[in-house]
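K.L.:
In case you want the letters, here they are:
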Amino acid sequence: MFYREAGQYKTTYQSDMAIFPLRQDRIGIIIILALAYVAVPLMASDFILKTIMLPFLALVLAVVGLNILTGYTGLISLGTAAFMGVGAYACYKLTTIFPDVNILIWILVSGFFSAAIGVVFGLPSLRIKGLYLAVATLAAQFFLQWAFVRIPWLYNYNPSGAIEVPLRTVFGVPVTGPTAAIEVKYLIALTFVVVLTWVASNIVHGRIGRSWMAVRDMDIAAQLMGIKLLEAKLLAFAVSSFYCGVSGALFVFIYLGGAEAGTEFGIRLSFIILFAVIIGGLGSMIGSFFGAGFIVALPTILKFGLPAIGIAITGAIAEKIVVMVIGALTIYLLIVEPHGLARLWQIAKQKLRVWPFPY
Amino acid sequence: MTDVTLTTRKPFLGEGQRNGLIAGGALALFIAALVVATQTGTITRNDWTYKIFVDPFVSMVDMPDLLVQTVWEGFVAGVLYSLIALGFVLIFKASGVFNFAQGIMVVFAALSLVGFYEFLTLTVGMPPGFIAAIVALAGAVGIMFVLAVAVERIVLRPLVNQPDIIMLMATVGLTYFLIGFGEYIFGGSPKVMITSQLGLPTGSTMLDFAGGRINIQHLDVAAAIIAAVMIAVLGFFFQYTRIGRALRAVADSHKAALSVGISLNQIWVIVWFTAGIVALFTGIMWGARSDVSFALEIIALKALPVLIVGGFTSIPGAIVGGLIIGIGEKIGEFYWGPLLGGGIESWLAYIIALMFLMFRPQGLFGDKIIERI
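Line order of the protein sequences matches chains S and G.
Those letters in the first sequence? Residues 1 to 359, per our numbering, in order.
Those letters in the second sequence? Residues 1 to 373, per our numbering, in order.
Any given hint could be a false lead.
Claimed, not checked - Residues from chain S that keep clear of chain G, each with C-beta distances beyond 12 Å, as calculated: (1) Ile29; (2) Ala39; (3) Val119; (4) Leu138; (5) Glu231; (6) Leu333.
Unchecked claim - To give a feel for the contact side, a few chain S residues facing chain G, derived at Cβ under 8 Å: (7) Pro124; (8) Leu126; (9) Ala136; (10) Trp153; (11) Asn156; (12) Arg168; (13) Val170; (14) Phe275; (15) Ala318; (16) Lys320; (17) Ile335.
Treat the hints as calculated values from the structure; they're not laboratory data.
Note that CB positions come from ideal geometry on N, CA and C, so glycine has one too.
This is chain G alone, in the form it adopts within the complex (with noise of 0.2 Å):
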């Protein structure tokens, strides 16, 4: 039997590398454009197009010690935004509900374990030191497993099968409530992480590179160490243990993970205290670069962005999204921030972000958004 097979003959280029083609030799004519024009003088070093398009460049290409060390700091808040973002995934594949308080639960977690550490040391009258520290830290893990309890049993429970938007309600409702106990608990004033008693690195080294040098924090070294690590773990975690294919099974589906017997209420729990042991890591790693206060709410939002151009769903896309947005935010803000005056690293992310998501609405790596009627 011959088969007729019908096939329409494949077009040479896909729709998206034909437009990836057109993108690409548009930009290609507007660089010779732009440097035709400033070689023959027709743009001058005062027209605003000059100060966008070429002055930017050409510092860069000049000052490749600055470039390194933007890119540097960048890399180190990427991996920063990515461990917030990592946390808003967890919770987001496992039950569906997009948790703002993550950003606080950074924040609370830190002062926990900061809390701990003072309590243990001036009240019980422990030793300063690496054990007090440790011991606190476990503390504070308890705290976070206490409040994923909490959490599961208080709001997710009864608000099962809730529409997306009262969930994240629900989590903004968290967040006040987290707010206001920390602060009654904790005081509202900002307090110094116990970064040396935990062991981690302090000072830092200045590399000789390309006529320039290079600042680098030992402590951001360990926060990229760590980050990966942690990263490493969680990836183990889910492949290879029973719990991890439990966690990807309810990801998949709720309704089949529950018909195979696995039990919702357990994994939520995991998922809650897996986001608070992660946004304890992070809120250590923030908390040693600034301190410990509740004005570090603010730069969690900024792991927002982030999950736009990951995907909600996407471990891999939390990480690159992390560190696009890091580090094209530095760079912006130090190749173009002057121009409009400074400080535009407070919108400049949400706007790459936007960004991308005109080309892939569903997030670098998020799963295709299908919708049916």
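Next comes chain S alone, as it looks inside the complex (with noise of 0.2 Å):
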């Protein structure tokens, strides 16, 4: 009814290719961030900032980056966690060295690190795909968590092994550190997050992105088009692991504050970023904010929901349930729609098109 194209005329090459090319698309995003940006740390409780809103914000980044690597160039990995750890490890390391520094620059910067490293372990993809190239990846998940817990100089030498973030402030206002209020940690996340996945969007949708795209249907023949691998290949793990180190240096400044060496950056975090990237849709921007979204939200709608609706669950066996809800839900998702929510929110502004009609 009110979400029609009728009288949208494109007459540019540019309109026609633009991200949002209906303007009821164009206005809903401005909505969604005047939302984000006023309405939510106006109204929304600490409790809702501190578990669902900034959890979401840090992972984000790290589902967008490893639907750029697994979604648009087609390489799986599971070392995702590994390389958000380089991220939260650099930015602590450049911060404490050099304190003066802003460190929103900082959290920018140690993303680039996080490239570095991940050029480093992208290397076999050169030569191995599939599962075998997932298999590979794990190496680089179990050597980085080994270094976070073997190299001390990693964590400045603390008895603890821990990392704890120091206060840092920017004009005057603190962002990180116990001090920081939560709802400046949200605006800085929120930012962080809409200006990447701005740039991400760019490159997914230019001439990178479409030789990723090139890559990830057949390799091979991507290769006989002109397309160089070698580049392709090792761009999608810089640009997919800039995005972890980036995601991860956001998750342990801005929500954990602090981060017990090699425990957080686990196996674990990297399953629970595949399968975000597979419940959203893979190849889709909207899709990563979609499984970000639903694997913070799960845990705590279970372990909160459940008590509500008069399913009383103890909190022993509460982690139980949610875990093993988890994983039948995860089946359950990729029975009846393997395609991801991405495909949901398609279908489902398919229909608002046509609506009342059926097609």
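Combine the two chains into a complex, taking the hints into account.
P.N.:
The following block contains the structure:
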């Protein structure tokens, strides 16, 4: 009814290729941004900001990063959490060595460290692919996790082996550390997510993104068409790891406020992020947001939602039930919609476009 | 008719042989250079080159008993890796599914065995001992069968023909489900495997060897023997029985197997059941060495580099790969680990596997990967 494209003529190539071709979509994205920037910090309780919004914003960048690698380039990686860890530790080292530099710059720069490591561990992708590559990326996961524990220089020889986020201010306002206001943290994470998603969206819609998708669809054919596999694959690893690194830095500096060596960035996190990519939809930006939202919200909803509807579960059993339900729900979602939540979103938009007629 | 065959002269050596020769020559030169450098005193004991390239080999020769002990421990660990990898290979061959849940199936099988035994002795009131253990074993086999049927019905059948990554993710989902379910039913605390009740030997023997002593656990010997017997039985089953032939047919081509009347669904149940039984035996062995808990999950991940070395589709590959990884990792940890601060076992296996991948992307025994456009 209100979601119609009638009367919106595309007169230039640019407008035809626009990411949001419909006026309603453009209005929608502005409303969502306005809500996220103004309404959420004003209205939402600290609990929602702390348990849902901050982890969501931190993880969504990792999901976007893995989606670039797995969804757009077709290279399966199980080392995401380790690359996030590289970002977190790089940011920690940088800000303790140079405490006067703006922390926001270091969060961004730590992504480049992660990208460099990602390129090194991406080298095997030139020779192997598919599930063999997935297993090979586990080497990165375990090696880096070991390094986080065994190299004390990384956590400044802290006897507990953990990294603690120091207090850092931007223009006099504390943004990290225990005294920072949660709304400030939220706005900073949100800005990172919005800007980096905009960049990622432009990359995947451009020449580089098209070459990645060609590699995904068939790498030999892509090579015959003149795409350099070495550059395309390593660039995918670099960009993906960059996003994971920034995500890891945000995860520790904005959300957790400190991390135990080697436990936060374990293999389980890698799987959870891969799960988010697949549930959200491989090769879809909006899907990354759905997937990240799903994995962050699900445990909270199960933990607090089940008792609310009368199914009483105690703390210890709740953990087990949550793990069990996540597993069952994974399988269920894969069966009903292997293309992920992004496909459901597409179907819903299509239905809305022709509503009230069936087609 | 004289036939003119268009043959090119065979080169003196194949490409692989030539590369091998070059690599071997380079290695020999390197070793010779090291020996000369050490003898002439260019490299002293405190140089890192000495510590990495010379010292471990010197101590290997000096203390052969320690070397044999390390190799034996690596061998036993390798046998167990092989068994986990075997479960992967069975399922991958027959259904093309990379079954990430195999490691959890090992834990789950072991837990259900111990849980059943406790149930029988404590609740039903059977006298503890061999008979109760055997009944519990039968019960655990039954549970693995139910699991196989359930997986085929609920997971595999609706997901048939989906891309690899979706199937992989489904088995990851299965992993989480089994972890939650297992902890919910059996509790999260580690359990003790019913080793002696099952009639497995305990205790150890000291052997005198080359001036030292080697400690050999009886259980490890039993594990190696049981693994060998199980692999032989599986080989016989695959080679000579009707179902085995059907399994091999399915592994070759799903479509061709379907067209001659082999039921894929039935085969999948059988294969998952077989993998479940392999998992049960692996679980008994692992459980007897440490204790039964979900911490085994991490060890089960070690079976993945074994698969890379051996190839996803080869049963001998799983065995050889397991032994290479097991022995390589123990030797690496023992002789080179201290240089890096220890604990390198957690990733050394993957690095070994990556090195194999650089030369053979399909693994030692895997099917050659042919790509067409």
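K.L.:
Compare the structure with each hint and give your call.
P.N.:
Quick rundown of the hints versus the structure:
The beta carbon of S/Ile29 sits about 30 Å from the closest Cβ of chain G, which is more than 12 Å, so the claim that it is off the interface holds. In this structure S/Ala39 is separated from chain G by more than 12 Å, as the shortest Cβ-Cβ distance comes to about 35 Å. Taking the minimum C-beta to C-beta distance to chain G, about 15 Å, the non-interface status of S/Val119 holds against the 12 Å cut. A beta-carbon of chain G is positioned within 12 Å of the beta-carbon of S/Leu138; the least distance is around 6 Å.
Residue-level check passed: S/Glu231 sits 20 Å from the nearest beta carbon of chain G, beyond 12 Å. Not every CB of chain G lies more than 12 Å from the CB of S/Leu333, the least distance being 9 Å, so the non-interface label is violated. For the restraint placing S/Pro124 at the interface with chain G, the shortest Cβ-Cβ distance is roughly 6 Å, inside the 8 Å limit, so the hint holds. The restraint placing S/Leu126 at the interface with chain G is violated, with a minimum CB-CB distance near 10 Å, outside the 8 Å limit.
Contact between S/Ala136 and chain G, as hinted, is supported at the beta carbon level, the nearest pair being about 6 Å apart and thus within 8 Å. Annotation: interface hint on S/Trp153 violated; nearest CB of chain G at approximately 12 Å, more than 8 Å. A cut of 8 Å between beta carbons decides the hint on S/Asn156: the least distance to chain G is about 17 Å, and the hint is violated. The interface hint given for S/Arg168 is broken, as the beta carbon of that residue sits about 31 Å from the closest beta carbon of chain G, more than 8 Å.
Because the smallest distance between the Cβ of S/Val170 and any Cβ of chain G comes to about 37 Å, over 8 Å, the interface hint for this residue is violated. Interface restraint check for S/Phe275: the shortest CB-CB distance to chain G comes to about 7 Å, inside 8 Å, so the restraint holds. For S/Ala318, the interface hint is violated, the least distance from its beta-carbon to any beta-carbon of chain G being 10 Å, above 8 Å. Interface restraint check: S/Lys320 against chain G, minimum CB-CB distance 4 Å, threshold 8 Å, status holds.
The interface hint given for S/Ile335 holds, since its Cβ lies 4 Å from the closest Cβ of chain G, which is under the 8 Å cut-off.
Hint check: violations occur at hints 4, 6, 8, 10, 11, 12, 13 and 15; the rest are consistent with the structure.
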